[in-house]
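Chains as they are written, first to last, in the working numbering: chain A, 1 to 211; chain B, 1 to 211.
Do not rely on the hints blindly, as some may be mistaken.
As the list claims (entries may be wrong) - With a cut-off of at most 20 Å between alpha-carbon atoms, the simulated DMTMM-like pairs for lysine to aspartate or glutamate come out as follows: (1) Lys-122(B) with Glu-163(A); (2) Lys-139(A) with Glu-177(A); (3) Lys-203(A) with Glu-161(A); (4) Lys-122(A) with Glu-163(B); (5) Lys-122(A) with Asp-149(B).
No wet-lab data here; the hints were simulated from the structure.
Protein chains: 2
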Amino acid sequence: MRSPARLLALVAVLLLVLSLPAPAVAGRPLVAPRKPAPAEAAATARWLAAQNTWGVLSTISSDLSGAPFGNVVSYSDGVPGESHGIPYFYLTTLDPTARDALKDERTSFTLSEFPLGTCGEKDPENPSCAKLTLTGKLKVVDLQSPEADSAKTALFSKHPEMEGWPKNHNFGIYKLEIENIFLIDWFGGPKPISPAEYVEYGKDQGSVMFF
Amino acid sequence: MRSPARLLALVAVLLLVLSLPAPAVAGRPLVAPRKPAPAEAAATARWLAAQNTWGVLSTISSDLSGAPFGNVVSYSDGVPGESHGIPYFYLTTLDPTARDALKDERTSFTLSEFPLGTCGEKDPENPSCAKLTLTGKLKVVDLQSPEADSAKTALFSKHPEMEGWPKNHNFGIYKLEIENIFLIDWFGGPKPISPAEYVEYGKDQGSVMFF
Numbered sequence: 001m002r003s004p005a006r007l008l009a010l011v012a013v014l015l016l017v018l019s020l021p022a023p024a025v026a027g028r029p030l031v032a033p034r035k036p037a038p039a040e041a042a043a044t045a046r047w048l049a050a051q052n053t054w055g056v057l058s059t060i061s062s063d064l065s066g067a068p069f070g071n072v073v074s075y076s077d078g079v080p081g082e083s084h085g086i087p088y089f090y091l092t093t094l095d096p097t098a099r100d101a102l103k104d105e106r107t108s109f110t111l112s113e114f115p116l117g118t119c120g121e122k123d124p125e126n127p128s129c130a131k132l133t134l135t136g137k138l139k140v141v142d143l144q145s146p147e148a149d150s151a152k153t154a155l156f157s158k159h160p161e162m163e164g165w166p167k168n169h170n171f172g173i174y175k176l177e178i179e180n181i182f183l184i185d186w187f188g189g190p191k192p193i194s195p196a197e198y199v200e201y202g203k204d205q206g207s208v209m210f211f
Numbered sequence: 001m002r003s004p005a006r007l008l009a010l011v012a013v014l015l016l017v018l019s020l021p022a023p024a025v026a027g028r029p030l031v032a033p034r035k036p037a038p039a040e041a042a043a044t045a046r047w048l049a050a051q052n053t054w055g056v057l058s059t060i061s062s063d064l065s066g067a068p069f070g071n072v073v074s075y076s077d078g079v080p081g082e083s084h085g086i087p088y089f090y091l092t093t094l095d096p097t098a099r100d101a102l103k104d105e106r107t108s109f110t111l112s113e114f115p116l117g118t119c120g121e122k123d124p125e126n127p128s129c130a131k132l133t134l135t136g137k138l139k140v141v142d143l144q145s146p147e148a149d150s151a152k153t154a155l156f157s158k159h160p161e162m163e164g165w166p167k168n169h170n171f172g173i174y175k176l177e178i179e180n181i182f183l184i185d186w187f188g189g190p191k192p193i194s195p196a197e198y199v200e201y202g203k204d205q206g207s208v209m210f211f
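Okay, chain A solo, but in the shape it has when bound (with noise of 0.2 Å):
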């Protein structure tokens, strides 16, 4: 028989969910699966690219005499559970970003672990608190592509508002091209990844839908 106190705290904490709001979809980590050993190198990039939403883009600048300008943007590899592990990006001219791309492609993404809350009490610049940064070109995709109909997709299916975001923005879709990866996840330095080993993860196993 339970306790009157621990009927009165499991009514509490009923009461409690019951009152919270819904967790919120838009940029939000989506809810991860297990992050995989720090030595499986490629798991870990692409499970950082597939549960992250958000990350920094970094541009040589035009407006800034050639100074590296980091620039926090939305991006998806893939609606959720079927990941690919390219970001694509939805951006305006209206950004600086945009801008410094279409004149010098040259370009690096950079997620944290942080954000996504599994680094525990570990600091953000720990090196078992995994980063990756993704460094190549930054391409515009031709809006009247396939290609580009899919990354819409998997664009909307994170970032739902992005579809009600001005027309006369001229938002394009742009993705990475993937060169060169650096990914920390435990002590001894960066793990090396080439960018085929990092598309081609879990392909092998039948599946890209791990993440």
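Starting from the known structure of chain A, arrange chain B on it as the hints suggest.
Only chain B this time, still in chain A's reference frame:
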């Protein structure tokens, strides 16, 4: 007189508050004072710098032929409640960011409001979810200077584990000398703020203790 349902709800909330774990210190957003109004540009920029504990530092990569390279780093712009706006970092040349900066000081540092949890349902790329990019030069701070002592106090107060990081990794203290500020905190494009306005914010009110 309170109804039994309201009393029960009150007890429920009390029980839950008592059962919640204490908030962690290391690298977590600090308890945020009210977000300044979007029109208060310098205040908003300083608030973002004071409340976040990590961001992305972008350099010109010497390993990647001058491509922009963003890296996740921890920082501090003062002990909690005594923020000064200038970000200090604890970096090792085992990591490419510090090596890059020693060859080319041009750097930007990027922060988002999103991980603070105050953007509500808004997408991380929504202009009203604030984002800040400080661009300038990343400078080494002389470890024998009084500035290094206060930088260490600022860093270790927000990142306690740093104090125990391996001595043989030769961590140094770096600071960003800010030359340009890019703040988006509302619709209508970036807000113009000069580095002087940013650094001087709050001083005329006889207080730099606002954040």
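Tested hints:
The suggested pairing of Lys-122(B) with Glu-163(A) holds, with an alpha-carbon distance near 13 Å, which does not exceed 20 Å. For the hint pairing Lys-139(A) with Glu-177(A), the CA-to-CA distance comes to about 7 Å; that is within 20 Å, so the pair holds. For the hint pairing Lys-203(A) with Glu-161(A), the CA-to-CA distance comes to about 31 Å; that exceeds 20 Å, so the pair is violated. Our distance criterion of 20 Å between C-alpha atoms is met by Lys-122(A) and Glu-163(B), whose separation comes to about 13 Å.
Pair hint Lys-122(A) plus Asp-149(B) does not hold up; C-alpha atoms about 24 Å apart against a cutoff of 20 Å.
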